[in-house]
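J.: These are the residues of each chain, in order.
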Amino acid sequence: MADLPPEMIVDILSRLPVKSLCRFKCVSKSWLTLISHPRFVKMHLNQTQREKLFLDAKECFYSVDLESLSCDVDKVEAVKLDIAPLESDLEVFIRNTWVNSSNGLLCFNLGKCLWVYNPSTGERKQVPDFCFHYRGKFCFGFSYNDSIDDYKFVRLNHPGNIVEIYSLRKNSWTSIQHDLCNIRYRFDGIQGFPLNGAIHWEFYYGDNFKDQSQNKVIIAFDLAKENFKTLQLPITENVRCIVGLFGSYLCMLGKGIADTYQLWVMKEYGVQESWTKILTFTSPSGFPKPVCYLNNTNIPMMHKYLEGLVFYNPEHRELKNIEVDVTQGFLVYRYVESLVSPNYNNHFTTEEKLLEPYWFEVEEQAIQRLSKNTICLT
Amino acid sequence: MSTAATADASSSGDTTEGSVRLLTLQSEDGEVFEVKETIATQSVTIKGMVDDDCATSTIPVCNVTGRTLAMVIEWWNKHEIGAVSNEKELKEWESQFDTIDDKSDRDDVYDLLMAANYLNIPTLLDCCTSAVAEAIKGKSTDEMREFFDIKSDFDEKEEDALRKENQWAFEN
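So the sequence lines, in the order shown, correspond to chains A and B. If you count the first sequence from 1, position 364 lands on 364 in the UniProt record's numbering, and the numbers rise without skipping. If you count the second sequence from 1, position 120 lands on 120 in the UniProt record's numbering, and the numbers rise without skipping.
In case anyone wonders, no lab produced these hints; they're calculated from the structure. Treat the hints loosely; a few may be bogus.
The list that follows gives simulated cross-link-like pairs (lysine-lysine, DSSO-like), each with its CA atoms no further than 30 angstroms apart [claimed, not checked]:
| # | chain 1 | residue 1 | chain 2 | residue 2 |
| --- | --- | --- | --- | --- |
| 1 | B | K164 | A | K170 |
| 2 | A | K125 | A | K170 |
| 3 | B | K164 | A | K19 |
| 4 | B | K151 | A | K29 |
| 5 | B | K91 | A | K19 |
| 6 | A | K125 | B | K157 |
| 7 | B | K139 | A | K80 |
| 8 | B | K157 | A | K25 |
| 9 | B | K103 | A | K25 |
| 10 | A | K304 | A | K320 |
| 11 | B | K91 | A | K42 |
| 12 | A | K255 | A | K277 |
| 13 | A | K137 | A | K42 |
| 14 | A | K29 | B | K103 |
| 15 | A | K29 | B | K91 |
| 16 | B | K157 | A | K19 |
| 17 | B | K151 | A | K42 |
| 18 | B | K164 | A | K29 |
| 19 | B | K47 | A | K19 |
Quick caveat: nothing in here was measured; it's all calculated off a predicted structure.
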């Protein structure tokens, strides 16, 4: 394989798991340059979407390979993530964790600190100048936006009209004012749903906090334009509903009478008419949280805090459990394996130095070929 | 890989199919293959020649041996629309490329990669590239250097530091 053209080597490497690539950084200087290069990181991200679940089990974090889950599997292995240096925070303050993931980067608060963490590489960064507030209601979110090639963390408070925005690329904070006066959110620490370069939250109209879908609305904060827009929920009969992310769709899970549930997804982002009901099921033990389709199927997988992962078994028309070897209850978040560094700003300040004409040129070719391939294959 | 190596290209020489046009391909070592145009145009390069009316006489396929060209033609036959009844069967056939541990398999895949690149056959290129990725993902750095014939240009100190930084990637 010694005579392969460089662009083919780049193509091959872009298909490897993160662990192999981190090892292969030691092969040679030019491989180190290539594998660390932002363009290669992006190419790898577009090429290999190895999806994983991040389990937050209070004292520990775990990772589960989404590919390892199927209808025939009763039990899956969870790999404990080694984030020891973060653990000192646990002693300092009660954990109040919420997590958002985007392109393989997770953002969460632990104690009084805000962290950006890549569970695939173990790389992490503490966000500077994060002001922790003990009291008050806040909405949080973290997401990537392609048009500005940046990751942003957003926090808005209520009552109040301030949106605080942290840019990972600039490694600095800014703030703007918001004008969301006739809508409210109910609880503290509302976690956003990152999708399409925006962060989404579930809000209520007025102060009555009724849980039917007609009293709720999705607020989207566009990270590039830094403005808000609203997305309406489907018009349907339900006594209670929750909003979330199902795979890469906005979703709504509505509860009807007698423990029946309906799962809706917005098939086409931003198009109200595209809300589609994809599942009706019964669940006597309470509200599950939609997660995504089981690997390569159209069977929706969900999560219940104490029962773990469940999916709808179409044959028996009931929810079936997949046992996860984590002893206590846990929360579930989806993420992809990636090389993206939490030190995203350094990526760019050192980019000039990193550029080596040889790889740069071949990467361009490989990227072009990659996009051609995608067109031909679809 | 053994079935690919014994690819039967003769089925493509069927002239009884009425209006189906046949193209004549000649490998680097002089082997001649007659292939249905509808199949051969899976190659973007050949399609370009057909579109430009340059495919009227024998098409020389330089840099590709008869043995490799036979494998490419088998690939085309399998991937002709309607040739394989279901996706699963095709995936099973493609899975032979998943193991390229011994040297002869490696040579086959290398030849196929180069042919797919030269003839611009996106599906074959994609499959072979994935096969190589699959084969190398568990390799050590030394094995990688051998595989791609690369000499390390790190000094000992640099390599040690880098290894330490990525220690977890060297553990099982």
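J.: Against each hint, give a clear statement of whether it holds in the structure.
T.: Against the structure, the hints:
{"no.": "1", "hint": "K164(B) / K170(A)", "in the structure": "holds, 29 angstroms"}
{"no.": "2", "hint": "K125(A) / K170(A)", "in the structure": "holds, 14 angstroms"}
{"no.": "3", "hint": "K164(B) / K19(A)", "in the structure": "holds, 14 angstroms"}
{"no.": "4", "hint": "K151(B) / K29(A)", "in the structure": "holds, 10 angstroms"}
{"no.": "5", "hint": "K91(B) / K19(A)", "in the structure": "holds, 27 angstroms"}
{"no.": "6", "hint": "K125(A) / K157(B)", "in the structure": "holds, 26 angstroms"}
{"no.": "7", "hint": "K139(B) / K80(A)", "in the structure": "holds, 24 angstroms"}
{"no.": "8", "hint": "K157(B) / K25(A)", "in the structure": "holds, 15 angstroms"}
{"no.": "9", "hint": "K103(B) / K25(A)", "in the structure": "holds, 25 angstroms"}
{"no.": "10", "hint": "K304(A) / K320(A)", "in the structure": "holds, 11 angstroms"}
{"no.": "11", "hint": "K91(B) / K42(A)", "in the structure": "holds, 28 angstroms"}
{"no.": "12", "hint": "K255(A) / K277(A)", "in the structure": "holds, 13 angstroms"}
{"no.": "13", "hint": "K137(A) / K42(A)", "in the structure": "violated, 36 angstroms"}
{"no.": "14", "hint": "K29(A) / K103(B)", "in the structure": "holds, 27 angstroms"}
{"no.": "15", "hint": "K29(A) / K91(B)", "in the structure": "violated, 37 angstroms"}
{"no.": "16", "hint": "K157(B) / K19(A)", "in the structure": "holds, 22 angstroms"}
{"no.": "17", "hint": "K151(B) / K42(A)", "in the structure": "holds, 27 angstroms"}
{"no.": "18", "hint": "K164(B) / K29(A)", "in the structure": "holds, 16 angstroms"}
{"no.": "19", "hint": "K47(B) / K19(A)", "in the structure": "violated, 40 angstroms"}
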